[in-house]
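*Asks:* Residues per chain, in single letters:
Protein chains: 2
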Amino acid sequence: MRHAVLNLEESRIREVANAGMGRSDVLAFWFGESDESTPEVVRQAAVDSLERGETFYAHNLGLPELRDAVAAYTSRLHGPVGADRIAITSGGVNALMLAVQALVDAGDEVVAVTPVWPNLTAQPCIMGARLRCVALRPQAGGAWTLDMGELLAAITPTTRLLIVNAPNNPTGWTLTAGEQQQILKHCRRTGTWILADEVYERLYYEPTANGCAPSFLDVAGPEDLLVVVQSFSKSFLMTGWRLGWLVMPPDMTQHMGKLIEFNTSCTSVFTQRAGLAALQHADQITPCVVAHLKTCRDTLVPLLQALPGVEVAPARGGMYAFFRLAGQGDSLAVAKRLVAEAGLGLAPGNAFGDEAQGWLRWCFASRDPQRLVDGVQRLKSWLAL
Amino acid sequence: MRHAVLNLEESRIREVANAGMGRSDVLAFWFGESDESTPEVVRQAAVDSLERGETFYAHNLGLPELRDAVAAYTSRLHGPVGADRIAITSGGVNALMLAVQALVDAGDEVVAVTPVWPNLTAQPCIMGARLRCVALRPQAGGAWTLDMGELLAAITPTTRLLIVNAPNNPTGWTLTAGEQQQILKHCRRTGTWILADEVYERLYYEPTANGCAPSFLDVAGPEDLLVVVQSFSKSFLMTGWRLGWLVMPPDMTQHMGKLIEFNTSCTSVFTQRAGLAALQHADQITPCVVAHLKTCRDTLVPLLQALPGVEVAPARGGMYAFFRLAGQGDSLAVAKRLVAEAGLGLAPGNAFGDEAQGWLRWCFASRDPQRLVDGVQRLKSWLAL
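Those sequence lines, one after another, are chains A and B. If you read the first sequence in this note's numbering, its first letter stands for residue 11, the second for the next number, and so on. If you read the second sequence in this note's numbering, its first letter stands for residue 11, the second for the next number, and so on.
Please note: incorrect hints may appear among the correct ones.
As the list claims (entries may be wrong) - What follows is a set of in silico ranges between Cβ atoms, one per label pair, in the way DEER data are often shown:
1) A:Asp378 - B:Pro260: 49 to 55 Å
2) B:Asp378 - A:Ala301: 51 to 57 Å
3) B:Gln315 - A:Asn28: 55 to 61 Å
4) A:Ser85 - B:His13: 31 to 37 Å
5) B:Thr166 - A:Ala336: 57 to 63 Å
6) A:Ser85 - B:Pro260: 47 to 53 Å
7) A:Asp58 - B:Asp378: 24 to 30 Å
8) A:Ser85 - B:Pro217: 56 to 62 Å
9) B:Pro90 - A:Gly89: 44 to 50 Å
10) B:Asp228 - A:Lys304: 56 to 62 Å
11) A:Ser85 - B:Ala394: 49 to 55 Å
Unchecked claim - Pulled a few chain A residues facing chain B out of the computed Cβ check, cut under 7 Å:
12) Arg12
13) Asn28
14) Gly32
15) Ser34
16) Glu43
17) Ala56
18) Asn104
19) Gly138
20) Leu141
21) Tyr215
22) Thr218
23) Arg252
24) Lys268
25) Ser278
26) Val279
If you're looking for bench data, these hints aren't it; they were derived computationally from the structure. Using N, Cα and C, we set each Cβ at its ideal position, and we do this for glycine too.
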């Protein structure tokens, strides 16, 4: 086997979850998904498709009607985007991997902003790239910020690709439109592609005109070296469906079609029908999801802030409370102890980058906010031991 | 974008299909799928799962119960294979890509036996490998055979991976158990991995004890450098579901789990439930599929053989009639003319390798064999023009 693959780190999140496997008494907040099923109207669209017998191969780039619907949805949020810039993928992570395959040769330099979901840094390593990380910095109070000077200094003409996820998993950090403009301008000069993971754009709690976080699509043109990754998972409660999409320059789309053919060939028609239903009901589904998540966030964060030794800021976007626990050691060890001793399942900060050692990630997407209250009580009792 | 990706050839099969797009009068035999929907019992399992709300992330390697069922199914056909050697994937092509990601570094030498489904040769190119093809040779009468000496001479200690698809798409050529043993013995000496695409193993028309074509699993041990790719697509009429699996050495499995996490994370639970139902009903579904395909083959091939200038042998395995048409030029041009002038949709031979220039592939998986008869009539009339 390849050294690059042998050396890939196993997910430390899964390592903690495995430690709690089969224990029904654990309150689990480790994974990035809600405990709520996909809305019935969306599931029904897939059921109808299956009953019609839509079990054949589909277009590599996705059903034309779904590409059109995604283009219309994206255009409504970010200004005109043609369906010729859209490809449907088997999940957001698949979209990211396809983009990295399209852009990164072995030996190429890739810059990533961390802490970040570990998949984003693993993918360029699979392609044999050299990875350079620029770390966000935690501020007093628990919010994380970007040193723009440091990021721009790291991106040079030898940088093939910048990978940035904002709103950020796990920190909740987001880019401003001004920062996106600065990054774009710099990358135009260096000839660097931007891979923007914006799957949390709709889970944004600041007031905005379009109901979502700033996007690189707001500031870039269609010919910019920009690929934006989106997913149905978070905004439509569709994690398990494996359905996402890419927005890219129009000239790239036919090549992406080839990569989809050689990776998965296509996404199931019945899954795409569910995606179509989700978009048709976006105005009913997503605002409810976001309002509920805001309630969750605003339930959890003040309770955490009230605990001794906990430092946490309310995330501007995403679905995580990312907090520092003073006086504790290795995050992974702490997370495992929390499972074993408190029945509380959290993700260790160092799963997302070394700079997040000492931090823990709590996914607050909980159908019943009382679960969050109960979880904090468990943490509080454990801290008091 | 990467040159390796820009240079990937678009599918010539799709190029022909696109030429007939929107024409309902074309009899299409270009793609490798039946025109029959997935059996109702399989679709119902997915519907039930969706109605239960199984819309969450699943294990990277697949549902434990599906891995167990796949291991039992494989063991029944090929002797003991543990579930610790199985990973569930998002289709056979995804399984192939994951295996190539696990095994092939940029610059590595890969040997492939051609003509073959173009995805198999594209995947190592995406990973930056150097590809070397060993061509099967057509014999008088239309059957293709392997020159074993030539293949073994091509595999040296610098060969990282051998890719072989048998029963072969498009030629119907299959490996004998003796040939598999020779290849395995040679690859043990050179330290070369074998990636065996055996998705057509059940579509085999020669009498055998286990009802399938010879498999490398019959001759290799669990620690051999062997990865076998399987799919639900062909044996269970499940092309559009994107569900397959890998059989690999046990030490490889955890690493494959990481690659699945970073490529697609998992396969939808409801899709896996359908796979489980398919395996539970394998003894009802697959023999019917195979018996029907044999009828289709035995309907089509004699009719083709009776045409002037056509050379074709009945495939021992697979679902294709691969035939040479004397006195015609470029396969792609011929296939396009057949669509335009005869309303007949076939795949051009040179889509599968230069050595198959002048040949055409006819997928005989047709619910109604009369469609095949009608198709031959169109070909006959066109040839008489």
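*Asks:* Given the range 55 to 61 Å, decide if the beta-carbon distance of glutamine 315 of chain B to asparagine 28 of chain A lies inside it.
*Replies:* With Cβ atoms ~59 Å apart, the hint holds.
*Asks:* Return the status of the interface hint for glycine 138 of chain A: holds when the least beta-carbon distance to chain B is below 7 Å, violated otherwise.
*Replies:* Result: holds, 5 Å to nearest chain B Cβ.
*Asks:* Measuring from beta carbon to beta carbon, are aspartate 378 of chain A and proline 260 of chain B in 49 to 55 Å?
*Replies:* violated, 41 Å
*Asks:* A closest beta-carbon separation below 7 Å is what the hint needs, so does arginine 12 of chain A meet it against chain B?
*Replies:* Holds, about 5 Å.
*Asks:* Close enough to count: is the Cβ of serine 34 of chain A nearer than 7 Å to one in chain B?
*Replies:* This interface hint is violated because 16 Å lies over the 7 Å limit.
*Asks:* Would you say the C-beta atoms of threonine 166 of chain B and alanine 336 of chain A sit inside 57 to 63 Å of each other?
*Replies:* Cβ of threonine 166 of chain B to Cβ of alanine 336 of chain A: about 59 Å, so the range 57 to 63 Å holds.
*Asks:* Under 7 Å, Cβ to Cβ, is where serine 278 of chain A needs to be relative to chain B, so tell me if that hint holds or is violated.
*Replies:* holds, 6 Å
*Asks:* Please verify that hint: threonine 218 of chain A, Cβ, nearest Cβ of chain B, below 7 Å or not.
*Replies:* Nearest chain B Cβ about 29 Å off; hint violated.
*Asks:* With chain B as the partner, please determine if alanine 56 of chain A meets the hint condition of a C-beta pair closer than 7 Å.
*Replies:* Holds, about 6 Å.
*Asks:* Falls inside 24 to 30 Å, the C-beta gap from aspartate 58 of chain A to aspartate 378 of chain B?
*Replies:* Hint holds: Cβ distance 26 Å, inside 24 to 30 Å.
*Asks:* Starting from the hint 56 to 62 Å, judge whether the C-beta atoms of aspartate 228 of chain B and lysine 304 of chain A obey it.
*Replies:* holds, 59 Å
*Asks:* Holds or violated: valine 279 of chain A as interface residue toward chain B, Cβ cutoff 7 Å?
*Replies:* holds, 6 Å
Of the numbered hints given earlier, the model fails hints 1, 9, 13, 14, 15, 20, 21, 22; all others are met.
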